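> Sequence:
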Amino acid sequence: MAIEKVGIENTKFGYNESNTSSNYYMPNFEKFGIAQNGEKLSEALSNTSFNGLSGDFNVVDGKLQASIFEIINVIGDMYSIPPIWKKLKIGVPARHADNYPEFLRVTYDHNTNKTQATGFCIDVFKAAVDILPYNLQYEFFQFAKADGEMAGTYNELITQLYDGKYDAVVGDVTIIANRSNYVDFTMPYTESGVTMVVSMKDNRKKNAWTFLKPLTWDLWVASVGSFVLFGFVVWNLEHKINDDFRGPPSYQIGTSLWFSFSTMVYAH
1 MAIEKVGIEN TKFGYNESNT SSNYYMPNFE KFGIAQNGEK LSEALSNTSF NGLSGDFNVV
61 DGKLQASIFE IINVIGDMYS IPPIWKKLKI GVPARHADNY PEFLRVTYDH NTNKTQATGF
121 CIDVFKAAVD ILPYNLQYEF FQFAKADGEM AGTYNELITQ LYDGKYDAVV GDVTIIANRS
181 NYVDFTMPYT ESGVTMVVSM KDNRKKNAWT FLKPLTWDLW VASVGSFVLF GFVVWNLEHK
241 INDDFRGPPS YQIGTSLWFS FSTMVYAH
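Counting along the sequence shown from 1, when you hit position 185 you're at 185 in full-length UniProt numbering, and nothing is skipped either side.
The set of hints was computed from the structure by calculation and includes no laboratory data. Fair warning: this is a prediction, and the values are worked out from it, not measured in the lab. Errors might be hidden in some of the hints.
To be verified - As a list, the in silico EDC-like pairs of lysine to aspartate or glutamate whose alpha-carbon atoms are at most 20 Å apart:
{"id": "1", "residue 1": "Lys126", "residue 2": "Glu149"}
{"id": "2", "residue 1": "Lys126", "residue 2": "Asp172"}
{"id": "3", "residue 1": "Lys126", "residue 2": "Asp184"}
{"id": "4", "residue 1": "Lys114", "residue 2": "Glu139"}
{"id": "5", "residue 1": "Lys89", "residue 2": "Asp163"}
{"id": "6", "residue 1": "Lys86", "residue 2": "Asp163"}
{"id": "7", "residue 1": "Lys114", "residue 2": "Glu149"}
{"id": "8", "residue 1": "Lys86", "residue 2": "Glu149"}
{"id": "9", "residue 1": "Lys87", "residue 2": "Asp163"}
Make a model of the complete structure from these sequences and hints.
Given below as structure tokens:
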């Protein structure tokens, strides 16, 4: 660049001869060429400055100025200079232990003047930060009053993010169309919806014979028929050889039915 400013055609070299001689072989530095317009070339170099991958090239008083080092990431045949980020301010809703601490719990340490946040929402945020290829610095700030209560509604918290008070918000914030007009949301990681748990009034009648409701009439008829048939078979086999099954007809019927009942109900 400096030679282009001076002009290549004007760059001529002259030589000075030396009459000294020696029996030993020594390089004759006096025969080296000297540029006749070296002052112009030196002045052009002093006025030349540019920015390259190695830094700034700038000559002051004949000395090359040291460049400020920059860290660059080179990937393939491209390069990019990572910006110097400030520590991000992450806003979190003021939540206490009695308000679903599994999702978010926020406490304030008065000794260190720092906000401590835990819960599922915080775990998801930290997991996403850990995946980043660089170290992202952040600090939590609770959206709360001096007494520790929440300083407003969730819409007001989103407004604070839109106004630039926070760089991001982490918490159980519902994604709705009105809020999406002001801020960008991540992909939802929990199911959205409203669930109500109410007590149910039992209108069923309760009495001592409730256990009979599962039994149908067909089952009752089959049970009674089997009961009578089993008693008749036992009486037919026993009354000829067993005195307990003899006597008046009523006694024989009662004994047969009782034996059938005891066999089907009781364990022997």
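> Each of the hints needs a verdict: does it hold here or not?
Now for the hints, and whether the structure bears them out:
1. Lys126 - Glu149: Roughly 25 Å between the alpha carbons, so the hint for Lys126 and Glu149 is violated.
2. Lys126 - Asp172: holds (15 Å)
3. Lys126 - Asp184: Cα-Cα ~18 Å, so holds.
4. Lys114 - Glu139: Distance of about 8 Å is within 20 Å: holds.
5. Lys89 - Asp163: holds (13 Å)
6. Lys86 - Asp163: holds (18 Å)
7. Lys114 - Glu149: holds (16 Å)
8. Lys86 - Glu149: The hint is violated at about 28 Å.
9. Lys87 - Asp163: holds (18 Å)
Checked against the numbered hints given earlier, the structure breaks hints 1 and 8 and satisfies all the rest.
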